[in-house]
Amino acid sequence: MSQELIDAITDMREDDVLRITNELLDGGASPLDILNACKAAMEVIGQRFETGEAFIPELILAGEMMTAVSDILKPRMAEAAASDKLGKIVLGTVEGDIHDIAKDIVVFMLDLNGFEVTDLGVDVPAAKFVEAVQETGATIVGLSGFLTLAYDPMKETVAALRENGLNVKIMIGGGQIDEQIRDYTGADAYGRDAMAAVALAKEWVKES
Amino acid sequence: MGNGRTKVIACATVIEEMLPLMPPELAYEVLDFGLHLVPGSLKTRLQEAIDAACADGYDTIILGYGLCSMAVVGLQTRTATVVIPRVDDCIACFLGSREAYTAQNKKEPGTYYLTKGWIEVSDTLLDEYNRTAAKYGEARAERIMKVMLAHYKRLVYIDTGTDNQDFYRDYARKVAERFDLRFEEVKGSDDLIYRTIFGPWHDDFVLAQPGQTIQYTDFKTSATTTNNLNVFSQTLPQRKDSDA
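Chains as they are written, first to last, in the working numbering: chain A, 1 to 208; chain B, 1 to 244.
Only pairs whose alpha carbons sit at most 27 Å apart, straight line, appear in this in silico DSSO-like list of lysine-lysine:
| id | chain 1 | residue 1 | chain 2 | residue 2 |
| --- | --- | --- | --- | --- |
| 1 | B | Lys107 | A | Lys128 |
| 2 | B | Lys153 | A | Lys128 |
| 3 | B | Lys153 | A | Lys155 |
| 4 | A | Lys155 | B | Lys107 |
| 5 | B | Lys43 | A | Lys155 |
| 6 | B | Lys146 | A | Lys39 |
| 7 | B | Lys135 | A | Lys39 |
| 8 | B | Lys220 | A | Lys155 |
| 9 | B | Lys146 | A | Lys74 |
| 10 | A | Lys155 | B | Lys106 |
No lab work stands behind these hints, which were simulated from the structure alone.
From a predicted model like this one, the values you see are computed outputs, not experimental measurements.
Whenever a hint applies, use it, and build me the whole structure from the sequences.
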């Protein structure tokens with residue numbers, strides 16, 4: 001894994017990130033190597049965010065760099081791995097909340113890790129989640145919310161999915177969500193960051 | 001130490017609105033506003049402040065906070081009763097009730113709120129932009145702000161009725177214009193802040209008794225016990241509309 005690439009991402013040096021990515025690929029590195037460096041860098045940024053060394057601007061810049069890197073990688077990855085998607089996920093920020101910076105990173109990481117993600121955007125009513133699951137046949141739902149005001153809509157969305165008899169596993173995340181909130185909303189699990197969301201989704205598709 | 005001693009521990013933005021109503025003899029401590037950006041450190045700092053107030057013999061501690069991104073969840077009190085308004089954050093305190101906040105949020109979830117206190121502690125979008133520009137240059141700062149505000153439609157200035165509202169309102173309007181947000185002004189209410197200071201602490205408040213730990217669900221269920229620690233009920237000062 002390229003420490004140079006990891007450092008460039010965590011230092012928010014966008015131009016260097018693109019240059020190093022191209023150089024690595026030209027030098028024979030696999031897209032997977034690049035992705036692993038990206039994941040490692042995102043983990044560092046995630047930790048810094050937790051401890052107050054990084055803030056929203058850094059998350060936004062990181063998100064932009066990840067998109068730029070994936071634009072370079074995607075054509076190559078399509079050739080390399082034409083394997084089927086791991087599973088289908090419906091994801092969105094619940095009603096009453098419009099924050100999506102962290103949610104977008106989760107969508108991005110799930111996509112990178114081989115999931116077919118339907119992103120419903122922000123301020124999404126419970127009925128829309130139900131509809132999307134019915135339409136896509138997704139087996140996993142991700143509910144995002146940054147504000148504590150989002151926890152009640154989350155609870156309502158979980159209830160709506162269950163009431164409609166949909167056989168989905170539900171994960172929640174965003175802000176300071178913890179076990180107490182998971183319990184309150186009735187979701188199956190919560191994740192602290194994008195890596196946790198990927199790990200949960202992988203575990204769940206293995207079980208099914 | 002003596003009985004009936006009360007201490008207020010409040011965020012810098014909330015104390016702005018509390019001070020004009022507070023009796024001069026009421027002890028208080030102001031915590032840095034920036035702590036809210038890192039809920040973990042706010043929790044640590046609040047626990048330290050509660051422990052110190054308990055050690056100093058206060059038997060009632062009023063927190064000028066809300067749930068504040070879960071920062072108050074897990075706080076323990078050893079010897080004092082801790083009182084917290086049952087709200088998500090300070091916006092509800094400024095608007096006067098949890099219901100008023102919910103109504104505003106329903107009307108437009110993409111709302112950025114400002115008050116005199118927030119402007120005073122330099123936490124407006126303009127400050128955010130300046131901090132970001134200093135670190136990453138103006139072009140990147142512009143881009144970052146666009147992403148950050150992608151779903152924000154409205155800036156609401158809450159007129160809390162304290163001094164110099166005109167100055168802060170104009171400032172808020174400029175912030176709104178600068179970032180293409182619809183400007184609206186909403187009249188605040190000091191009702192909840194007043195009751196936070198003077199009680200009675202009924203359903204709108206979370207009360208943690210000595211030995212208890214504050215839970216998330218405390219903010220969801222109604223309090224069944226009505227506290228009688230309304231120490232200032234006999235000496236209510238005249239309500240003032242300015243902090244002169």
